[in-house]
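Chemist: Protein chains in written order, with the numbering used here: chain A, 739 to 839; chain B, 2 to 235.
These are computed hints drawn from the structure, not numbers from a lab.
For each residue, glycine too, the CB sits at the ideal point set by N, CA and C.
One should not assume that every hint holds.
Derived contacts from chain A toward chain B, CB cut-off under 7 Å, selection only [what the hints assert, rightly or not]:
1) Leu755
2) Ala758
3) Gly759
4) Pro763
5) Thr780
6) Leu783
7) Gln791
8) Gly794
9) Val813
10) Tyr815
11) Leu817
12) Val819
Selected chain B positions facing chain A (Cβ under 8 Å, derived; list incomplete) [unchecked claim]:
13) Val98
14) Pro101
15) Thr126
16) Leu159
These are the residues of each chain, in order.
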Amino acid sequence: MTAWQIVILASIVCVALKVAGYLIPPKAFEHPTVARIANLMTVALLAALIGVQTLGVGQAIQVDARVPAVLVAAVLYALRVPFVVVVIAAALVAAGIRMLT
Amino acid sequence: MMATQRTPEERAALRSGLAVGLATAVYGISFGALATLSGLDVWQTCFLSLVMFTGGSQFALIGVLASGGLAAGPAAITSAALLGTRNVFYSIRMAPVIGPGFWRRAAAAQLTIDESVAVSTAQTTPSAQRVGFWVTGLAIYLGWNLTTLVGALIGDLLGDVSAYGLDAAAAAAFLGLLWPRLKERQTQAVAVAAAVVAMLLTPVLVPGLPVLVAAGVALVVGGFNLFGAKGGHA
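Chain A on its own, in the form it takes in the complex (with noise of 0.2 Å):
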């Protein structure tokens, strides 16, 4: 596929999805075992994501400066600080390392 194959078809598929909600009758996704799914496969896919962005290479784990720097994110979350500070300190902190070593 061409990046652009990909981008567009992505982009049609969630944007479809929104359009869905306000088409289909609310009675379908109104069992309680169906919402929770889907909430929890947003967490799921997120701290997969997480993972393999942190610890992967390719298809090799690999532990490296991206697991202090994500350690450092999760405590600069933690208290509370903003989402694009973390992002960038975290960025500061991987290089860092690497310029170090």
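Use these hints to put chain B onto chain A, whose structure you have.
Modeler: Here is chain B on its own, set in the frame of chain A:
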């Protein structure tokens, strides 16, 4: 519209909508930078913010592309779609607030995201809920697209990802999206289990797939309501 004075509730909704809108719009910088560093060009990056316009899915798409390249395209699309499913529930909740009318609903659908729904549902009167939704959604739409462009141009200039620590920034960005959802034991359990599953499968499966399989944790835990509020599990 002109003749009626805004109620205190509507003014409160307007204020919180603008505050949340401005704060969220700034994330666009990180999205724009990370998207170009994942291999997309500036136009593709801006297309995502203009059309897809749902932060979690946008970050997921570029995250999978960054680790797996264009070959991981189907997995990237599926990740974005699965993360976008929560918007279906947001739309259902917003439909009565928005009211009838094709164009109004079409515009509302595009602006239905975490933040606009959160601000809207936090308001106490129906009119304030409407104001909260539209103000938040529009503020974020404008801001997010502007900052995406700025971030994409910055990312385009920066070049090599890892040298600048931007791969770690992407992980930190996902963590920021996850953080507010970790209040209950059930979500904490799912987060840990999904991360472990994704890690265990990374050496075995092609890039992108481990994330999708890890989403199955939500099916199992949600379907059987493990670690739920009533369960009293350890």
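Chemist: Close enough to count: is the Cβ of Thr780 of chain A nearer than 7 Å to one in chain B?
Modeler: holds, 5 Å
Chemist: Go through the hint on Gly794 of chain A and say holds or violated, using the shortest Cβ distance to chain B against 7 Å.
Modeler: holds, 5 Å
Chemist: Is the interface hint for Leu817 of chain A satisfied, with its Cβ closer than 7 Å to some Cβ of chain B?
Modeler: Violated. Min distance 11 Å.
Chemist: Against chain B, is Leu755 of chain A within 7 Å by beta-carbon distance?
Modeler: This hint holds: Leu755 of chain A lies near chain B, its Cβ roughly 5 Å from the closest one there, short of 7 Å.
Chemist: Identify whether the interface hint at Ala758 of chain A stands, where standing means a beta carbon of chain B within less than 7 Å of its own.
Modeler: This interface hint holds because 5 Å falls under the 7 Å limit.
Chemist: Let me know if the C-beta of Gln791 of chain A comes in closer than 7 Å to any C-beta of chain B, holds or violated.
Modeler: holds, 4 Å
Chemist: Gly759 of chain A was flagged as interface toward chain B. Is the shortest Cβ-Cβ separation under 7 Å?
Modeler: holds, 2 Å
Chemist: A closest beta-carbon separation below 8 Å is what the hint needs, so does Pro101 of chain B meet it against chain A?
Modeler: Violated, because the Cβ-Cβ distance from Pro101 of chain B to chain A comes to roughly 10 Å (cut-off 8 Å).
Chemist: Just to be careful: measuring from the Cβ of Val819 of chain A to every Cβ in chain B, is the smallest value less than 7 Å?
Modeler: violated, 10 Å
Chemist: Given Val813 of chain A as an interface hint, is its Cβ closer than 7 Å to any Cβ of chain B?
Modeler: violated, 11 Å
Chemist: Double-check Val98 of chain B for me: the hint is only fine if its C-beta lies closer than 8 Å to a C-beta in chain A.
Modeler: violated, 11 Å
Chemist: Does Thr126 of chain B hold up as a contact with chain A if the rule is Cβ-Cβ below 8 Å?
Modeler: Hint on Thr126 of chain B: violated, closest Cβ of chain A at ~22 Å, above 8 Å.
Hint violations for this structure: numbers 4, 9, 11, 12, 13, 14, 15, 16, all remaining hints satisfied.
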